[in-house]
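J.: This is what each chain is made of:
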Amino acid sequence: MVVLLAGMCPGLDEDLLRSLRAADIRTVEDLVSSDIEDLAQKCSVSYKALFAIRRVLLAQHTAFPVSGADLYEELLSSTAILSTGNPSLDKLLDSGLYTGEITELTGGPGSGKSQVCFGVAVHIAYRLKQSVIYIDTTGGLTASRLLQMLQTETNNADEQMEALQRIHTFRLFDVCALLDCLYGLGGGGLHKVCVGGGGSVKALIVDSVSAVIAPLLGGKQNEGMSLMMEVAAALKTMAKDFSVAVLVTNHVTRSGSGEAQPGLGVSWSHVPRTRILLERVESAASGRRSATLIKSSRQACLIKEDFDLQWWSRAEGGRGGGGETSGKRKLDETDP
Amino acid sequence: MNLPDQPAADHVLINKPMWTHMELPSRPTDVTKAATGSGSAGRKRAAVSAVRMRRPVSSLSLSSSVKGKLVRAGFQFTTDLQDLNPEHLSAEAGVSQQEALEALQAASSGHGVAPVTALELLQKEEEFRSIVTFCSQLDEALGGGVPVGKVTEICGAPGVGKTQLCLQLAVDVQVPAVFGGLGGQVLFVDTEGGFQVQRLVDLAGAAVRHCSLLAEDEEQRVAMTTFTVESILSNIFLVRCRDYVELLAELHLLPGFLSDRPRLRLLVIDSVAFPFLRLHDDLSQRTRLLQSLGLRLIAVATGHNIAVVTTNHMTTRLRGGQAQLAPALGDVWGHAPSIRLLLRWEESRRLASILKSPGHMDASVQYQITCQGFRDADQSERPQSKRPRTQTDQSASSRKNTGM
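Residue numbers (the working numbering), protein chains in the order written: chain W, 66 to 401; chain H, 912 to 1315.
Extracted from the complex, chain H is given alone in its bound form (with noise of 0.2 Å):
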């Protein structure tokens, strides 16, 4: 190849590469070092060390009028917009003064978070625990339970057991540490209306009395104290939104609620489809509405540290003919949570798989709910059934679970 006599190509990146002849009359004194005769090499090694990418004006978070009036007044760069007062630029571009200080400062500022390493990441899973279901081989599968940080999805035909499972996970929080559990509180946001105080009561006994049989030291049995019914009771917000405005506004809300209560560890929000199944006159309103409701839920849960539990219904899908189950909601929602739980019938048995996970193999694992709530399947081959068993059945489960 006969190229032009160049010195050596460094392996480095260029933004303009080099060219030898120049067919310029004479020019002025040198204007710029890189145009001068120090030749090409001097050029590269200037453009080297100036390699950075600069900001256009047009990718700043301000208002598209104040981006409009910036770029038509030659400030195409952030670096056009340096050394300069705010005064100059509103006269140069025709912003009012408080627009130009808005936008020197978005210039100025904004080069992003510090990146943090996998290694700092890991470290800081390790810190958290996961929330148990009371179901050992669910837990197993999931790795310890549903876990804090990331947005939980179940999904189930109705009358399956998801909000049991949302009362039972809204119980398991509460679990002090010294067992093992979070000690955290609950906010459970109701669009449906199958919260059941009941229902929960006779949870949170049974959880009571599977861990005062567990309290082996002194600090367990210290922490029994406060753990009671009453206490579990007090623990839980409830909110009832009865459409999907209010459900946003409920969201919208929320950080200055968590900012109250550092101990909320857990959201739950039965059910998320609900109200968003009677929108369908406009659906591409849906969809951003949905998009930007995922987006909310995954920046709480990994800004506040929550694990988040949504429950969605199961809709019918055409697929070659063919009628499947799928969970409703599309695929625009199906991005949103990491982790995706699907409850189901099979014959006689419950079974729970596991859709969607990002650190965990996709599994089968049986369960049944007895009057205590979710626990694992009995190992008999007894058809399981949502009556509530008899007295000596209720004390060999709970032997059984021993640990969590």
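Only chain W is shown next, with the shape it has when bound in the complex (with noise of 0.2 Å):
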């Protein structure tokens, strides 16, 4: 609903404007959803003027049909596939992250979800030298583990600087912050970053989002529903119009018989494109979990992969799994 405001058309003066509201016309939808002759009896106007001005007001703001085509080259120029930098998890995501949608990792406490943000973070500041904004509302967020991250990865410490200096950080922890960083990067914040230096932008992880969202909805209070989808809706938003990568992190609850569901209900369900389920692996050793597919438009669900948290900290060659890791320190019980 668009107000009617002067100068929104030549023709339409603050004249005709009084006289509209007179006969209750305010909007752009009430002067097109009514009568014209009936009208320009009313307000005293002359039929060609109104009519000429219902034109433009329709020209102005009606949605405008795509053809196919058309909506094929967008996608084939505006679209990248971002690779998570572990080969499993790639396997999962069709090749990657794909911009322009939302992707949703759940899990339960210390299943990894964090370190998966990490490690994308560190992949996509490093070896593919974009810039990452990373929402943190959980309070995990560890530069230091980001940096021994990179320590494998590279041991040039200017490259290590400059890759930190690629991702920006946010740490907030009620859902009206959120709303305001997100317009915020959305109204012109984004072309501020990329301005700093270091590439565009184009991955924006939230960690998680069902921490500032979840104490909202149930119980007496009605706002819950509207605020989740108004989140859902700003990142929807930034995915398409800035061609960005959007990461979320989801918590579960336990369905009746056990197991494991993504959290925020079914209303949140159908906002991520993709929806990927860890696991810790029981009785394996301490860096591996299971990643489920559980949403997928693109290739088959429940597909399971079995990766190692340890992936982004393996020294460069490949030594990943069990044995040495250059990264995460392990401590044996023997340790004198």
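Hints in this document: simulated from the structure, not taken from any laboratory. Be aware that a few hints might be false.
Unchecked claim - Straight-line Cα separation of at most 30 Å, DSSO-like style, residue types lysine-lysine; simulated pairs:
| # | chain 1 | residue 1 | chain 2 | residue 2 |
| --- | --- | --- | --- | --- |
| 1 | H | K980 | W | K107 |
| 2 | H | K1035 | W | K257 |
| 3 | W | K285 | W | K194 |
| 4 | W | K301 | W | K257 |
| 5 | W | K285 | W | K369 |
| 6 | W | K285 | W | K305 |
| 7 | W | K257 | W | K305 |
| 8 | W | K156 | W | K285 |
| 9 | W | K301 | W | K369 |
| 10 | H | K980 | W | K285 |
| 11 | W | K301 | H | K980 |
| 12 | W | K257 | W | K156 |
| 13 | W | K107 | W | K194 |
| 14 | W | K156 | W | K107 |
| 15 | H | K980 | W | K194 |
Computed from a prediction, not measured in an experiment: that's the story for all the values here.
Using the supplied hints, reconstruct the complex from the two chains, each of which is provided in its own coordinate frame.
T.: Shown next, in the form of structure tokens:
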């Protein structure tokens, strides 16, 4: 509903506006859906002028249809696929995170969601040399861990610092601050971030979106759902308009039979395009996690892949897995 | 692909796609540049510079009735609210002057805070030390000790030593900066009644003796004059909360308390599970309270650079027919702490395991609790117990813990 304002189109001046308001026509919808002849008589304006104004307003405010060919060309020119840095995850995601879409990681506490987010941020900042925006609502963002991951990629301190400068972080703890931040980025903040040097922003990571929204849902509060959908709309618009890949994390709830389900309910389940459930692998080396694809529009669901959280800490040359790692330290009980 | 004639596709995003064939009768003179016949390229260029997300009014932090009235009056985006004065807005939308003023303020401000790059974050983190536990193996596994600015949770079965570790941390945070400590104050929130002053005196005395043995140069000796058992006890603020309402109220009052005491570096809540375990008639309310509690603790920890330590009980979880011990309060609370330590008995050894940590791998270390407090496990294979050790053993273990 767009309010009629003077100067919106030629012929719509203050006097006409006043007479339209007197006839209870305040918005563009009201004007377009009313009977022109009737209105012309009521407001004592020429029919032709009103008709012309209506045509112009319609031209300005209608949605334009797009042909499939145009869409395809736009898709080819604006979508990029960002690898996560871990081949098993890339296999699940059909070669990586797609820009213009929201991907969700869900899992219980300690299942590795933040670690995957760190790994993705480091990979994009260092290998792909693009900027990343990291919004942290859990307080788990540890820059020393990012540095640890970078130190296994390169020994050059300058490159490490450069990559760290490409990761821009926000720490927010409530939903209004999150919305302010997202719209601030959308309204010109992204451009400022790029101007600071270090490539355009290609990824936006929100860890976690459920920490700020879940306390608002349920009970006697009725604003929770609408705020959740506002966040969803902001993330989607940002992904589409600015061609970024959005990665969010979510918590899990237990269903009746004890199985893990992504949190935030059915309404949120329509928001991300791809969803991955992370779980610990029992009775295995401490870094192993299993990832299951629970929602995807590109691949068959319920594909499972095991991967190692230590992948992002492996030394060059792929000496990953159980053996020696140069990243996270492993402590033995028999250490003196 | 036969497309209608278009300029070469510059790889930009457009809100409205281009269309060249428009079936409109003669229109009045050019309305907006975007719609004129300067061609689709012109439209594209104008659209690109205008790619800005418009913020809907419904996403502002105003009361829902005010938002409803604004939307019904036709103000859908914050751009519609620009250049309006409050009288005009209140007349148009039917809201009071005060509400109109608030709405205009919310629409024009609120572009969020500036981002902090990861490099600056790293520099800030390196400035703050961690709180040592006096068990060097555990400190190494945690990367220096309990970190400041994060929420750490200690879970374990009853009697395994959670309160002991909390008391030890309350003493350790006060170690002067010249010895590698933080020299900070403590707020101890006790919900179970497990706080024993006598034990605290023992721990404080042991810490003072340990530091006086280490004091080498003049600066450290001067610091030792202010580091006494009395000063340690006077820097611990104890609050007793009997139920969850008092606990939540105490946390509401926390920001005011913290602004008066900038030296506060540790907040201990022992335990966070006890008040909530009694709330089993309304589980959804418990979930919401726990989530908002977690969020508030994280905000306090990061905003005021405080280490927050909470303790939790264990509960039995049935998984696949087997009963396992898992931390209480469920996954809902499990997402709140960044670091989780599990204290447990294994045969006759005491083990501390890291269940969850953003910067360190899961590890298990052995520790022991002596009459001096939380310490490294003894190297010999003697079974450990809570009974106080003999004099010779005490001096041996204190000499082993050189440096922090």
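J.: Determine for every hint whether it applies to the structure shown.
T.: Each hint, compared with the structure:
no.: 1; hint: H/K980 - W/K107; result: holds, 27 Å
no.: 2; hint: H/K1035 - W/K257; result: holds, 23 Å
no.: 3; hint: W/K285 - W/K194; result: violated, 47 Å
no.: 4; hint: W/K301 - W/K257; result: holds, 21 Å
no.: 5; hint: W/K285 - W/K369; result: violated, 39 Å
no.: 6; hint: W/K285 - W/K305; result: violated, 34 Å
no.: 7; hint: W/K257 - W/K305; result: holds, 19 Å
no.: 8; hint: W/K156 - W/K285; result: violated, 43 Å
no.: 9; hint: W/K301 - W/K369; result: holds, 27 Å
no.: 10; hint: H/K980 - W/K285; result: holds, 22 Å
no.: 11; hint: W/K301 - H/K980; result: holds, 26 Å
no.: 12; hint: W/K257 - W/K156; result: violated, 34 Å
no.: 13; hint: W/K107 - W/K194; result: violated, 63 Å
no.: 14; hint: W/K156 - W/K107; result: violated, 66 Å
no.: 15; hint: H/K980 - W/K194; result: violated, 47 Å
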